[in-house]
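Asker: As a plain string of letters, each chain reads:
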Amino acid sequence: MIAVYTLLFPGLVFTAFCGMIAWWIERKLSALFQHRVGPPWYQNFIDFFKLLGKESIVPADSAIIMYSVAPLIAFASVVAFATVLGSAVFLNIEIAGDLILLLYLSSLVSTGIFLGASASANVYAAIGASREIKMLLADELVFIMVVLVPVVKSGFSFRFGAVLNTSAITSFSGVMAYILGLMCIQAKLALQPFDLPEAETELAGGVEIEYSGVLLGIWKLTKAMEFFIYPLFLSVLFFGIGKGFVGILLNVLFYILTLIILIIVKNVNPRVTIDKMLNFFWKVLSPLALIALVLALFGG
Amino acid sequence: MSEDFNLPVGPFHPLLEEAEYFKITLDGEKVKEIEMETGWMHRAIEKLSESNTFDQTIFLVERICGICSASHPFACVNALEDIGNVEIPLRARYIRSLIGEMERIHSHLLWLGLAGHFIGYDTLWMWAWKYREPILEVIELITGNRNHYGVFRIGGVRKDYDISLNTRVNEVMDMLEKKLSMVAKAAMDDPVLKSRLCGVGILTKEDAINYCATGPTARASGVAIDVRKDEPYAAYDLLDFDIIVREEGDVFAKTVVRILEMLESIKMVRQIIERLRKISGPIYNDVAEIPAGEGIGRHEAPRGEVFHYIRSDGSNRPIRHKIRAPSYVNIPTYEVSCPGMNLSDVMITLASVDPCYCCTERSVKLFDSKGTEIAQNLLELSQRKTDRLIDELGESELWKLL
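These protein sequences, in sequence, are chains A and B.
The numbering of the first sequence is the numbering used here, which starts it at 1 and goes up by one.
The numbering of the second sequence is the numbering used here, which starts it at 301 and goes up by one.
No wet-lab data here; the hints were simulated from the structure.
Hints are not guaranteed to be accurate.
[Unchecked claim] Examples of chain B residues toward chain A, derived with CB under 10 Å: (1) G328; (2) D422; (3) L689; (4) L693.
[To be verified] Computed list of lysine to any residue pairs in SDA-like fashion (alpha-carbon distance at most 25 Å, straight line): (5) B:K485 to A:L32; (6) A:K134 to A:L32; (7) B:K430 to A:K134.
Heads up, the beta-carbon is just placed ideally off N, CA and C, and yes, glycines get one too.
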């Protein structure tokens with residue numbers, strides 16, 4: 001059964017499909033924001049399948065093994081994340097301490113990106129890698145404190161099932177943590193204003209610059225899956241899982257709302273510089289997250 | 301990352317629309333030094349010009365740049381008329397200014413969009429270019445082309461302005477004025493945008509003067525130079541407009557200068573089409589020949605002052621044609637405005653002077669290691685290299701490499 005969970009539902013295939021669609025929503029909505037037409041719904045799928053048929057060029061100077069393994073590390077982490085999260089959300093199956101596992105897996109994705117970029121032997125990728133790891137250091141602290149708020153609300157339980165049964169968004173600290181969480185997700189998905197590791201006009205794609213063919217396809221698939229699981233994680237963390245048809249409908253709507261907020265923020269902001277981003281997360285968001293956590297502890 | 305390393309920006313990079321090479325020395329993400337290398341877009345226009353007749357030269361220099369395609373012929377006809385002391389009819393002077401100002405609007409909108417793209421603000425990019433489209437459409441109605449208008453000739457203009465277009469031009473100007481005010485307000489109130497642009501890439505007034513910066517680059521640093529006011533040509537002495545000057549010298553000031561200049565240009569276009577209604581007469585004076593002598597022509601292009609020098613020996617071809625584009629003096633200001641800043645800030649600073657590389661690159665000389673000139677003919681050089689490779693590898697191997 002574990003193989004089915006991992007590969008089919010709610011793991012690889014299901015998440016990949018939903019992720020491609022979520023990514024398409026992002027591309028289509030951004031296009032509408034910008035008075036463009038935007039791609040058809042299957043664009044991400046054909047992009048991905050086209051990449052599978054292309055040659056993967058490995059740069060001669062790169063650390064070849066790490067260069068090839070890094071995308072797989074990130075990809076495996078995302079699949080594991082999707083399976084654990086999806087099992088808890090859709091199938092009601094829990095693992096002990098799954099919330100901690102999810103936090104760990106989410107930072108492992110960034111580590112994979114960092115490793116792949118550093119192994120590319122390219123200056124653009126090197127700067128992208130350094131930015132990726134700086135961003136991880138910046139957003140991880142806030143993200144953990146944000147996740148702790150629903151944990152506190154559910155009675156100090158690190159089981160995902162218990163968190164899913166409480167709706168943290170109804171309290172003030174919950175709303176505050178949710179907004180902070182959105183910014184962390186924005187950074188984790190590398191969307192504007194935090195698309196620093198890729199920064200097309202500065203680093204020409206940064207971390208992915210040397211990748212091509214199948215390996216690039218794996219990066220794209222990883223990114224697509226992240227588009228599905230991170231907003232899903234945030235929305236179920238704060239909204240919980242509804243009961244009955246109406247409850248599930250509300251869940252879907254809340255997920256789409258989360259996604260749309262991310263897309264709107266992406267489209268109305270320019271890219272920030274790395275020092276401003278670090279300042280913002282460490283000096284502004286971290287104290288706010290701490291305040292939200294303290295408020296939650298006192299029942300606010 | 302305490303060790304310095306070099307980040308090549310270019311010759312081909314998403315930041316640059318054209319080929320150009322910047323070598324940036326980085327310490328972490330801090331830029332220590334920047335070196336520029338030009339010559340990637342060289343097309344030998346000056347040399348070509350010497351083999352063309354005066355009438356052909358005007359069309360040739362129009363091809364120097366796709367964006368400021370009125371600026372070079374404008375300066376070129378100014379230079380030719382300077383040699384022959386040619387008088388231009390009033391109507392032609394107004395039409396010339398009209399084209400010049402229309403071009404300034406669409407060029408600044410293009411820059412605004414690109415600047416948005418360079419700082420990752422793609423929405424601004426698409427919006428600015430959407431508003432640029434009606435301007436190009438109006439230019440097409442007036443001249444017949446979206447770019448490369450081909451309206452300039454010695455002694456006047458080639459194509460008359462049709463008064464019945466006034467309604468459409470006014471409509472577009474109204475629309476643009478509204479949208480520009482909206483963009484200006486959005487840009488000036490946005491805290492993220494402000495934090496990206498304010499205090500970034502500062503060019504002080506002294507440096508602007510030392511580097512001979514021109515156009516919006518100089519005016520954003522508090523140097524009030526504008527050929528349109530300083531040495532009026534065409535109809536600029538008859539028009540009412542202001543020079544926009546800001547003191548800060550950062551990228552934000554350059555943005556503001558360009559946005560406000562567009563509003564000034566809109567004002568001028570309105571005045572011109574209103575006056576063209578009353579002025580009738582020929583649109584050109586016939587010029588039989590250009591006498592021997594030399595002349596200079598200046599024009600305030602969207603990016604700064606374009607300078608053309610032409611020498612004639614009384615024949616129908618220039619014997620020397622020297623062109624100095626505004627980016628040629630604006631690009632070296634990077635040397636003082638870039639070091640010490642964050643890499644992301646340098647990228648927008650590189651775009652802030654609105655560099656136009658194919659305008660800049662007029663001539664290149666190749667020297668070998670001993671300092672002797674190798675060849676002036678790049679085609680010949682390329683053929684020689686191909687021949688050498690065929691000798692070394694054999695033709696079939698070479699094809700495989702390609």
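Asker: Taking the hints in turn, state whether each one holds.
Answerer: Hints versus structure:
Nearest Cβ of chain A to the Cβ of B:G328: about 8 Å, under the 10 Å cut. The hint holds. Because the closest C-beta pair between B:D422 and chain A is about 6 Å apart, less than 10 Å, the hint holds. Because the beta carbon of B:L689 sits about 21 Å from the nearest beta carbon in chain A, more than 10 Å, this interface hint is broken. The interface hint given for B:L693 is broken, as the beta carbon of that residue sits about 20 Å from the closest beta carbon of chain A, more than 10 Å.
Proposed proximity of B:K485 and A:L32 is supported: the alpha carbons are some 22 Å apart, at most 25 Å. Restraint check for A:K134 and A:L32: not satisfied, since their Cα atoms lie roughly 32 Å apart, outside the 25 Å limit. Straight-line distance between C-alpha atoms of B:K430 and A:K134 comes to about 37 Å, which puts the hinted pair past the 25 Å bound.
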